[in-house]
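Visitor: Please take these sequences and the hints and turn them into a complete structure.
One line per chain: the protein sequences are F and D, in this order. FYI, the numbering for the first sequence is 156 to 301, going by our numbering. FYI, the numbering for the second sequence is 174 to 598, going by our numbering.
FYI, nobody ran anything at the bench for these hints, they're computed from the structure. Among the hints, erroneous ones may be present.
[As the list claims (entries may be wrong)] From chain D, some residues computed to sit far from chain F (all C-beta separations above 12 Å):
| hint | residue |
| --- | --- |
| 1 | Glu321 |
| 2 | Arg338 |
| 3 | Gly357 |
| 4 | Glu393 |
[Said to hold, decoys possible] Only some residues are given here: those of chain F computed to face chain D with a beta carbon under 7 Å:
| hint | residue |
| --- | --- |
| 5 | Thr227 |
| 6 | Gly229 |
| 7 | Met230 |
| 8 | Thr234 |
| 9 | Ser253 |
| 10 | Ala257 |
| 11 | Leu260 |
| 12 | Leu281 |
| 13 | Tyr283 |
| 14 | Ser286 |
| 15 | Gly287 |
[Said to hold, decoys possible] Okay, the calculated bits of chain F under chain D, using three or more residues with CB under 8 Å as the criterion:
| hint | segment |
| --- | --- |
| 16 | 177 to 190 |
| 17 | 214 to 225 |
| 18 | 262 to 275 |
Glycine residues also receive a C-beta, built at the ideal position from the N, C-alpha and C atoms.
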Amino acid sequence: MKEFKGRVVVPGTCTATALVSHGGFNTLASYQTSFLTGDKKATCSDQNNPDLYKKPLAGVALCLPQTIGSTTGGMILYTASDYGRQPACMLFSKPIDSIGAAGVLLSDIWTDASMPTIDSLGDEFLDYVKSGMTINIKDGGVVEVE
Amino acid sequence: MKLTKEQQDIYDGKQGETYAKVMQTLVRYGELYGAEEMIPVTGEYGHLVTSFGLKVIHPVYKIMDELIGAGITSKQKFTMDPRPLDKNVPSGPIKDLVFNKFMYSMQDEYEEQLKKIGLISEDGFSCACYFDEQGNKPKKGDILSWAESSAVVYANSVLGARCNRNSGILELFGSILGYVPRFGLLTDEGRKAKWKIILKTSKLPTAQVLGSAIGMKVMEDVPYVYGLSEYLGNELTPEVCAYLKNFGAATASNGAVGLYHIDGLTPEAVELKESLIEEDAQTYVIDDAELKRVTDSYPVIWKNPDAKPKMCFIGCPHLSKAEITEWIHKIYDALKKNGKNKPVIPTVLTSAPGVLKTIKGSKEEKMAKEIGLTISYICPLMYCDNPLVHSVPIITNSNKLRTYTSCRFYEDDMILSMITGGMAL
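Guide: In structure tokens form, the structure reads like this:
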């Protein structure tokens, strides 16, 4: 077990299974097909992201450097949250990008969904964490990886 | 963040719960980036990215309904990205059914909501809202609340306005409040270059390829480009602005660039020169070999990479008047030269509604009709970015379209040759 500390973007605690994207998370490309098909697991449709492609996004601890892609990204993440198909939490190794920030804030303020978000966890976090590990978010931006 | 009394009152809910949530969203957004104040939006109009009435983004309509229900309208009128549908664009009965009855079935209702909040006009739909013909052209130094990455990077770089790379919905909130948090590209410090780009190519590079190379290298950082004004000159002519539009769109979509400086050409580079470059800036040298490496790296994600193209889109971002006129002439002349009457691949040229009005009844419109070119205001990205179209082999000269869809990128000369029968497909 290893502990990392970052900055709290959206407060909250949770325990979930890690899904790790080493490249940028393209929010629109990742969610678009599941939106059109009504897939409640939100299976990732971004063919350019081998770490996530065809894996469910709903309910996972999404570990990522930052989000990339269209400026509709924040709206897309908010929409996923309103439908209850958001990740259980989002853990950014880098300072959160502006599109990702919009998504998590819209989710927090405009929906009932819970999606604790921590950023600035550092490159070491993304090097250490592997998909399938258990993530435990505690108060104060502390992230336990087992 | 330190708020004015008016801002604090809104934040505290004295003008209602919905208005408070709008303010709280932007305040928390700004605080993440160290903003210490909310500053007035000084640009005349906003610009929104979410132009499509996609059935599945119901939560967006819910926010719009909440805003309208609370009696909230935008402090400034706004333009929108292009519409996702145009009956003139070739599709087919199945696609028509799916597009109109399922995917974009909320288009009319959504546009009604937009009108109530502050949509500028029926024709206010283009990613290139800054064209003279579209009327949303900010002045140097204007503070904006825009989204649409290609428009933001153009406004910052070519017009010298100030705007962050905002997400959809947040840009509307800035227009509603008339305030945005001051950070990033709104500050002098945030507009400094972290990269020096040294251009050493043998000729003027294709804008969409040069932008792609720089975007992929610098990601969200600001680049300062040397060597480009040797080809483009030192004046922002319509042709140069069109080049920079296409260049910027590629930097923003292949990376996340919100501002670039071109030495001796763009307004801040002319005014402030190398004082815009941070002391510890990194250097990226681009020569012919580097551009080839970049284009060779583009994946082909067609199911059959050898498939014959079935459609071609030219105009993402939307073509300027000079560009659409030139394309019509080039295609017309090449077809005649190759002994053809119509393009061998159905071809769509896209531009802003305001530009299309100016060519209505012109010689070029007649030429386009004669050779069967489709001229449209549609958003090619919205047309292509869905599972029904993913399986169709489409070619384009847009690096943005290549990035977000399964479209295959070719440079202008190759596209021209392919669509006019100048080469075997």
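Visitor: Next, verify each hint and record whether it holds.
Guide: Here is what the structure says about each hint:
1. Glu321: Incorrect as stated: the minimum Cβ-Cβ distance to chain F is 6 Å, not above 12 Å.
2. Arg338: 5 Å, violated
3. Gly357: Incorrect as stated: the minimum Cβ-Cβ distance to chain F is 7 Å, not above 12 Å.
4. Glu393: 7 Å, violated
5. Thr227: OK, holds: F/Thr227 within 7 Å of chain D, min 5 Å.
6. Gly229: 3 Å, holds
7. Met230: Holds: closest Cβ of chain D sits about 4 Å from F/Met230, inside 7 Å.
8. Thr234: 5 Å, holds
9. Ser253: 5 Å, holds
10. Ala257: 3 Å, holds
11. Leu260: 5 Å, holds
12. Leu281: 16 Å, violated
13. Tyr283: 23 Å, violated
14. Ser286: 23 Å, violated
15. Gly287: At about 27 Å, which exceeds the 7 Å cut-off, the nearest Cβ of chain D leaves the hint on F/Gly287 violated.
16. 177 to 190: holds (count 5)
17. 214 to 225: holds (count 3)
18. 262 to 275: With 3 residues in contact (Cβ-Cβ under 8 Å with chain D), the coverage given for the segment 262 to 275 of chain F holds.
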